[in-house]
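**Q** If you read the sequences in order, they're chains A and B.
What the first sequence shows, in my numbering, is residues 914 to 1206, in sequence order.
What the second sequence shows, in my numbering, is residues 14 to 294, in sequence order.
Calculated directly from the structure, the hints in this document are not laboratory data.
One should not assume that every hint holds.
[What the hints assert, rightly or not] Listed below are several chain A residues computed to face chain B (Cβ distance under 8 Å; list not exhaustive):
(1) 993
(2) 1088
(3) 1094
(4) 1095
(5) 1097
[Stated by the list, open to error] Capping the alpha-carbon separation at 25 Å, the derived lysine-lysine pairs in DSS-like fashion look like this:
(6) A:997 to B:105
(7) A:1200 to A:945
(8) B:168 to A:1075
Note that beta-carbon positions come from the ideal geometry of N, C-alpha and C, so glycine has one too.
Below are the chains, spelled out letter by letter.
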Amino acid sequence: MQIIQYLINGISIGAVYAIIALGYTMVYGIAKMLNFAHGDVIMVGAYISFCVTNYLGAPAWVALIAAMAVCTVLGIVIEGLAYKPLRGTPSLAVLITAIGVSYFLQNAAQLIWSSSPKSFTSIVTMKPISLLDGQLVITGEVLVTVAVSALVMVGLTLFTGKTRTGKAMRAVSEDRDAAQLMGINVNRTISTTFAIGSALAAVAGVLLCSTVPTLQPTTGSMPGIRAFTAAVLGGIGSIPGAMLGGILIGIIETFAKAYISTQLSDAVVFSVLIIILLVKPAGLLGKQVQEKV
Amino acid sequence: MNEYSRKILKVPTYTLLREQDISKQPVLDVRNLGIDFGGLTAVDSFNITIGPTEISGLIGPNGAGKTTIFNLLTGVYQPTRGSVLINGIDIKGMPIHKVNRLGIARTFQNIRLFTDMTVLDNVKVGMHNSIHCSFADSMLRLPAYFKSEKMSNEKAMELLSFMGLADEADVKAGSLPYGIQRRLEIVRALATNPSIILLDEPAAGMNPSETAELMNQIRRIRDTFHIAIFLIEHDMNLVMNVCEAIAVVNYGRIIAKGTPEEIRQDPAVIEAYLGREEGKA
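I would like the entire structure built from these sequences, with the hints used as guidance.
**A** Encoded structure:
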């Protein structure tokens, strides 16, 4: 029975990783860059939610919306100030800048909210469900997290598949120059992608801190990197891939913590990354790119 | 002989205009266009005027600068000298997507469809700027969204059936045969609602019967949509039959302009293609 409990917890944390991974994968697919500051946007989202509930006494849903709004603006500003001027430069320049933005956000958070951990109150008020005479406990957080990530997944699939903006995003992701020649504003499309990714990061931040209730300026960085691993595992650029990768990484991490060692769980997760890169570089659901010789 | 050829008049600037285009503003007016890449002059002193319903050809040996000219006309490259006016508006300094909105669309020499998207979605990407439905509308599935979605579907299907591609609407673009992909590129360009389309080697890789069909389609596009067509092509049969005016470039410069008959007999053209005959200076 214990194993099922671990599986449920793994899926729950994996669902959070999946939402974060969606942000990585969308930005990568469309802007062709790895936004390593994505994890820190999660942290900002969590702090905003924390402030709104604790200092303003607002209900949870207001906190969530506020966090999403702030992160959306933050995402657009980061893209416009830090990444847009570097369009067309080597990807290494953009990557280094992203790492810079990541440190900037962490240190800014430290200045504003200090480095001492805050204890985050879960936004979920649902009572845990006990099954099989208390052998299996499903917390409200687990249910909400899984439900939200499923909703996000469906929403994004419909959005990219059906809407005009979504089609423009897919077009830019496939061939930026051709899309431009069809009258698509590439800058605006990239900006929209950052906005969506960052709003999702806020959701992930709130869910993450509801599950693991310590909040500090470095809260986002490790989950961010694990989610990046998830995006690569699932096939970076692929939306279902990010979802699958996130859940798998969550399960692997939880099982590694339970059966191997808590300290080694990250080592196990990153070994998975290395193995995937060696065996199936395109990821589980990624497209195999034919290299022309 | 071209069944669509009409009386072609010579105007002083040595531009060929169809009779019905004479008093109208040209869709494309290129003046003294030139671009240097480093020290190399790729295009120089390129002048052309294309009337609203004219089919023109751009020919020249490999590496003459034809595709570079197309890239200059669509704003992909910024010219070093000269200007490009589309429907009377100078495209200087404009971002590429805005140039497209002035009414110029193109296809590519090496097909660049969105291969992972369906045929219908490729056309709808082309219609990006003609679908007016806000982000909130489509997210909330408001009636406006359904209405615009229905309209864009209908228009896209109409364009596809025009080029005989309606049956392929739900197929992934990348899985289509080569000749059909070329036709889809034309549909996608038409979907942007252009007043001129640039076709970069539309007959490349087509067999003679496909080429013959393409010639009819090019004329039908002009006659149905009343737009100008400017094409690069190596298939001389197509160029000589379809185009009403032809410009020949070599080493980035125009070496001849005129009707197909004039081009066929022009010594500079013959020299560029076949080389100079020995014994003649």
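**Q** Determine for every hint whether it applies to the structure shown.
**A** A quick look at each hint next to the structure:
1. 993: At about 15 Å, which exceeds the 8 Å cut-off, the nearest Cβ of chain B leaves the hint on residue 993 (chain A) violated.
2. 1088: Since the shortest Cβ distance to chain B is 5 Å, the answer is holds.
3. 1094: 6 Å, holds
4. 1095: Holds - the Cβ of residue 1095 (chain A) comes within 8 Å of chain B, reaching about 5 Å at its closest.
5. 1097: With a minimum Cβ separation of about 5 Å from chain B (threshold 8 Å), the hint on residue 1097 (chain A) holds.
6. A:997 to B:105: 22 Å, holds
7. A:1200 to A:945: 15 Å, holds
8. B:168 to A:1075: 16 Å, holds
Hint 1 from the earlier list is the only one contradicted by this structure; the remaining hints agree with it.
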